[in-house]
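At position 184 of the sequence shown (counting the first as 1) the number is 184 in our numbering, and the numbers step up by one without a gap.
Be a bit skeptical, because a hint or two may be false.
Distance condition first, Cα-Cα at most 30 Å in a straight line; then the derived DSSO-like pairs of lysine-lysine [unchecked claim]:
| no. | residue 1 | residue 2 |
| --- | --- | --- |
| 1 | Lys111 | Lys360 |
| 2 | Lys301 | Lys156 |
| 3 | Lys360 | Lys465 |
| 4 | Lys111 | Lys361 |
| 5 | Lys77 | Lys301 |
| 6 | Lys365 | Lys465 |
| 7 | Lys361 | Lys465 |
| 8 | Lys77 | Lys361 |
| 9 | Lys465 | Lys156 |
| 10 | Lys301 | Lys361 |
| 11 | Lys156 | Lys360 |
| 12 | Lys301 | Lys360 |
| 13 | Lys301 | Lys365 |
| 14 | Lys365 | Lys156 |
| 15 | Lys365 | Lys77 |
| 16 | Lys111 | Lys156 |
Hints listed in this document are in silico derivations from the structure and should not be mistaken for laboratory results.
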Amino acid sequence: MIFSLEMHVALALYIPLVGAIGIAAFGSAPNLRESVTLVTAALLFTNVMMILPAVLDGAQPVVTLITTLPGLDIAFKVEPLGMTFACVASTLWIINSLYSIGYMRANREAKQTRFYVCFAIAIAATMGVAFSGNLLTLFIFYEVLSLSTYPLVTHKGSPDALRGGRIYLGILLSTSIGLFLPAIIWVWTVTGTVDFTPGGILEGHVSAGMTGVFLFLFMYGIGKAALMPIHRWLPAAMVAPTPVSALLHAVAVVKAGVFSVLKVIIYIFGIDFLSRTGAAEWLTWVAAYTLLAASVVALTKQNLKARLAYSTISQLAYIVVAASLATPMAVAGGALQIVMHAFGKITLFFCAGAIYTATKKTEIKDMRGLGRVMPLTFLAFFIGSLSIIGIPPLGGSWSKFYIMMGAVEADQLIILGVLLISSLLNIAYLMPIVIRGFFYAPLGKSDPVLGVGQERPLFNWAGVKEAPALVVLPPMLTALCCIILFFLIDPIYQMILPILMP
1 MIFSLEMHVA LALYIPLVGA IGIAAFGSAP NLRESVTLVT AALLFTNVMM
51 ILPAVLDGAQ PVVTLITTLP GLDIAFKVEP LGMTFACVAS TLWIINSLYS
101 IGYMRANREA KQTRFYVCFA IAIAATMGVA FSGNLLTLFI FYEVLSLSTY
151 PLVTHKGSPD ALRGGRIYLG ILLSTSIGLF LPAIIWVWTV TGTVDFTPGG
201 ILEGHVSAGM TGVFLFLFMY GIGKAALMPI HRWLPAAMVA PTPVSALLHA
251 VAVVKAGVFS VLKVIIYIFG IDFLSRTGAA EWLTWVAAYT LLAASVVALT
301 KQNLKARLAY STISQLAYIV VAASLATPMA VAGGALQIVM HAFGKITLFF
351 CAGAIYTATK KTEIKDMRGL GRVMPLTFLA FFIGSLSIIG IPPLGGSWSK
401 FYIMMGAVEA DQLIILGVLL ISSLLNIAYL MPIVIRGFFY APLGKSDPVL
451 GVGQERPLFN WAGVKEAPAL VVLPPMLTAL CCIILFFLID PIYQMILPIL
501 MP
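Build the full structure now, drawing on both the sequences and the hints.
Shown next as structure tokens:
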């Protein structure tokens, strides 16, 4: 390596920040601005990949920036869970950047320079969250992520966008400042540290009852995990352009939320401690309710992005359920769900944006027959849907399997039933979109009755009218990744295995 491991950790934050400056400097030259975006994303990915081999070999590099008070540092530590999150975010930033260029240009979006600058800052904050070495560092970058994505949510500047932005920022800041920050201060006062420590730091310092109170403060203070009833910020943020929705749901924001949930459960509470105290039982049922209720609400939504937003709320709850079960299998499933859901859900949002770009349609009822006109887009949507549902050979099947086995391991057979019902609901709100697209005649038309042997193909290539290539290629790539991830389960599992063995 040219640089030390510690330098590569620091560069993970500096690269996107320097990129943001470069993007702003070339704001009047779109080609140069977007070239800087792509080069920055590629450099970040390369830098993260240079850290990966050392972490796989057991290294956990530490970088301390500032010491404020005893036990309160702004510091970074690369452990396997954070490494996994950083790999996902840095990979998807490249693909999302390609998609953003195609989408923003095709739809002639205004304020594109600000868009790319804020996007880069949000990725820097995501890296800070991923590599945070303690609760203080996590909190700081968690807040930076909220603030940097606000201009993206309100990008259009319309009354609806501004209202959605107020709900978005209001809920996220009020929960983090009102609950998350007091929880951090309280942990520091009772333990003298806020460092992420294998096995947790609370055991021996708090009673079982107080552990439940701590858990409530953390789980609802981390509003980005979108537990009901503090989930409304996520549907409200769907007024943003589709590349922003992809960022919120797959690359950064919600993943930062559930990543923080897992990190707090593993390194602050400790899986064994939570399991012995039973303090997380209430969280299991709240998350299970969120999982089912959000799926039911998704069934009622005719707007495609709104349906996908409630789908995300449900899928995030899988991770919270996994964390609350506090068994190694469940926690492994939760970590895998961060990876698998990221690629599956970004595929679905990419497809929603491609449909809008090509047809300006946003309502599911208006998408009859579109699969015949946009076969590549709907094929990608189909593959992403199967991964979200958890059907082999798609990556999402592994995370669902591990969480279900974790429920069995915890002797929570009712939760196992909840997970199975949720999978059926996933089918119910995703598959009709694919069926409507491929097997229904377009609006205002009807398929002629044909005799046996006279069947015609669902579409012919002459009638294909896909969105521009840069809008169609990214969902095809992420759909392919959903398949590849199914076969990469062993190396991914081996990477996260150390977090399960304090």
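Practice task
Please name the hints from earlier in the document that this structure breaks, with their numbers sorted from lowest to highest.
Solution key: Numbers 5, 8 and 15 - these are the hints that the structure violates, sorted from lowest upward.
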